[in-house]
Amino acid sequence: MSKKILIITTNHSSYPGADAVGQARMGYSANTYIIRVPDPVMFPEDFYLRAFDRGIGGIIIMSSGSDCPYEGAYERLSKRVARVYEQMRAKGIAANRLKLTTICTVCRAAFLKEISEMEKAVAAV
Amino acid sequence: MSDIEKIEVDTLVVGSGIAGLQSALDLADQGYSVAIVEKAPSIGGKMISLSKVFPTLDCASCITTPRMASVSHHPRITTLTYSTVDAIKREGKSFTASVTRKPRYIDEKECISCKRCEEVCPVYLPDEYEQGMGAKKTISIPFTNAIPQYPVMHPEHCIRCGACARACPKDCIEFLQEPAPVEIKAKSVILATGYETTPMTAKKQYGLGKLPNVISPMAAERLLAPHGPYGRVLRPSDGMVPGSIAYVQCAGSRDKSIGVPYCSRVCCMYAIKQAILLSGSLPIADITIYYMDIRAFGKGYEQFYNNARAMGINFVKAKVARITEDEKHNPILRIERQEGDSAPAEVQHELVVLSQGLVPGHDAAAFGLGAENNDYGFVKLSDEMVSSAVTAGAGVFAAGVVKGPRDIPDSVVDAGSAAMEAASYMRKL
Amino acid sequence: MDEKTRDEAAKDNFRQEPKVGVYVCHCGGNISDIIDVKAVAAALARYPGVAVAREYAFMCSSNGQDLIAEDIKNLGVNRTVVAACSPSLHELTFRNVLQRAGVNPYLHEHINIREQASWVHKFDKAGATAKAIKLAQAGVEKVLRKDALNAIRVAAEQRVAVIGGGAAGMRAALSAAGKGLEAVIIEKGPALGGKLLELGRLYPSGEEGAAVAGKLEALVRADSRITVHTAVDIDFVSGFVGNFKINFKKADGRSEQVKAGAIVMATGYEHYKPAKGEFGYGEDANVVTLPEFIALMKNSPAGRLALAGKEIKSLALIHCVGSRQVEGVHKPQADGKINDYCSRVCCTAALHTVNQLKDKYPGVRVYDIYRDIRTYGMQHEEYYDKASKDGVLFMRHNEADQPVVASDRTGHTVKVKDVLTWGEELEVKADLVVLVTGMMPADISLIKSQLKLPSSADRFLQEVHLKLRPVELANSGIFVAGTAQYPMDVTEAMAAAGTAAAKAAILLAEPDIPLEPFVAVVDEHKCTGCGLCPPECSYDGALMMGEHNGKKVAVVNPALCKGCGACVAVCPVRAINVAGWTLDQFDAMVDAIAKE
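Residue numbers (my numbering), protein chains in the order written: chain A, 1 to 125; chain B, 1 to 429; chain C, 1 to 596.
So here's chain A without its partners, still in its complex pose (with noise of 0.2 Å):
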């Protein structure tokens, strides 16, 4: 299994806060890679376990929360992260390798600490 981190961001807030981090000359690893999507409750179960299949070292979702513009799927979302959750538990996948946190446009310090705790995470594995 390999390092990577697949970080899956919203075209509203994380990744405009993905940007704030770069503008800011902030550091983090380079072993993360970046994907936006319109909100992440368009992926199923298995587009997760199916990257960890693939080799992706870690997944962080990083959702809108409740600036989100979409209606009801941020709770969508939370329900879908749970039953990956116990899909990865019945596979020995360590639950910590999927985190599901809310990164606003301006959220520079805890997009970086949602990175650092996930290199732990992936390194421990």
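Source of the hints: derived by calculation from the structure; they are not laboratory data.
Keep in mind that the hints are not guaranteed to be accurate.
Unchecked claim - With a straight-line cut-off of 25 Å between C-alpha atoms, the simulated DSS-like cross-links for lysine-lysine are:
#, chain 1, residue 1, chain 2, residue 2
1, A, K3, C, K134
2, C, K386, B, K317
3, A, K3, C, K122
4, C, K417, B, K319
5, C, K358, B, K256
6, A, K79, A, K91
Fit chains B and C to the known structure of chain A by using the hints.
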């Protein structure tokens, strides 16, 4: 001067705070062309520097940035930042505005917003965006999410070392740049010049702005912002985490002695919001709000106020007669409680926020277009019972706080109706 | 090229074998000082599907843009990946390059290797370069799976239906007509004016409510674009954005239908009606509501304020009746909920009334029993000031210590635990008790249920977002104006109604409404008709089961879909996707990233 830049649009919007941005968008989305003139180097007004906004606690930047981006990418909106409207002349059925683009001392057409100039600049200045609590370079992009992302150089502080010019990959530093005149021709004008807060120096009794741990609410916003100057809430005098924080309400409103007899409408709610945010970041701190009446009158506001009380924030109905400090710069408030024991008392806090009120940001009547001011310098409407935007000047409309204090939801709503009045007016021209 | 030819060209491009052009920007050292851009271009040039890969100092410059345009022309490049700064800065720039060169602009993928690579991995050049290669490869995988997209267009009726003919409704119709749209006001009452007709003198202008209604009505009647239907009953409302149908019965029994592209809900409010016995209301004739008192004062002669022949020499106002209610202190309303909101206008309305009372009957003693005085508006504080100067005695109570009204033959005694005088229980004698009642939304349950309109916990209509979309309901094409949304005064209703009209005008700015192409799309060949996806959708009518070519399939209404993708996740056969953001694209990106 044959090379004067000329712009012709349907509507000129003066000011790019949330009201100006929204009225520009509401016109441009109907097909009108709009020019926005903003005196600051970035669009976004006061709102872009706020932390979170009541009553939903959305991140202010997350709400403002998409509006700013829509404006800057809009094919029918021209944005002139760091520019002043020097005069507007009415000529028949149109207006001609004389605008000056202030020099940023860079070539905006070439700049790629890479901040290399900023990285190498050796001269630091107090950062006004951070209310003086942080430092910025003499050449710098005004703040993280500024639009446009161009740096501004402050020549009065520049030591002409040339480091920025050498570092710039596009060779776009222009030490000799001059102010550039622009002429904007428009069929209608929307005034959206917003507000300033009542000055910290307004009240002798409150320390005239000289007590280091008595701060403005705008400074508190920056302390609370996720990308603020210290990344956490620290008090200015010694960098200590404050254990007890007080808000003095109506410190610049409902006060005839400073010429602001009216209620500023937003201060109760921003104080409650900041108190809620503070109790999140400093869970063991004592937070007290000294108030006359809590005016939580908007949608969801009363419930927000009730949440704050349930969180343990202290609301004390009291007048604050004066503020002094002890030898450790802890502010001492002399209060007269208006409930329970009314004997005057002195209470000590470690940080105090003066809930300043709102005063006009610009004398809009000075443009001489027929729009008149009320007694306090806000723009008067010709008949507010039938329209929320029509002024006494034909073709001149007003949006947002230029007409008097209002909060963000009220300003956004207001802006659309100003756009609509301008649209109706232009159709009938 | 006009739009049509461009679309045709885009389709032709799409039919061709995909040829990806990859462009890596140096950003004048901002990227190239950290990332080995030549290595990135070289690695991408070898990648399957890539026709050409280049690196250049400034891709956003006009020379950089020309590079792409020439490759489209000379090499037949029909999809592009640009690895440069954040898409927030230049994604549109490059989409426009494609559009100008005759390629569908959505066949572009923007890779961020500045804000999200070179600027954050300064001390790991090799790592940053490897990352840039992976991200660009993932970008190629994504763009290979992209479809040409075009704005979806829905034909729209160029007409705004305004439900409610009060202050807000008239203003909304006036503003829409001012822009040149047709507007139809549908009012259930016999005349235009709504609640204005019942109110006395209004703050801040001091005019009679009926006079304000008259001014607005004169403007409405003078505008040939506005049609007015009064005394009608709406019986059926249906449709969606661009195509609403409102059916109503007129007073003469005939039915009529209005077709509209947009609806403005200006359905207003009702005065809170105190429950029987609430502060003695309904049990004692000398306990009245503020609107009732305003009528009483209006009809009383100068010099003597009287109710049923008995002179009123003193009165007590009790604020917040039916507003700011507290769980455990106040009895719930009929629906089991308390009114925990502030009704916003009542403090000012009460003091404005007291000012008039004191001008007309200076001798009347007035006690004002309140919790907070909320005179927030520009002139409102002056009413408060004047009341104090006129000798009105203010008493303030805590929410838990409600005033108690006791009546006997000699009048009323109001007991107040007044915090302004050390929490002492005071008793005031008053000939009349005036309950300062708040607002509740008018009953619009029929329209609400037929159009599935959302309401907030306070029962008023719920906007999408208080700051971003303050007058839009979640139902596309339906807007709210005035007190149907929340208590507000006339001046505030004017602003809200003007903005509701602005949103309708924006929607109807063109004969057909262009909608974002990023909506859910069903692959009918794959869809098994299992029905799992509609329950996931939060937007009523956006996703339903239907029939197509004799087969049960999921059907998306693009006019209602918001493109969140909640439906996508539950489809067991991947038959539904959000256009431009498909699961296959993301799987392929993950594969490219994960590959060692």
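Practice item. Sort out which numbered hints this structure fails and list those numbers smallest first. Key: none
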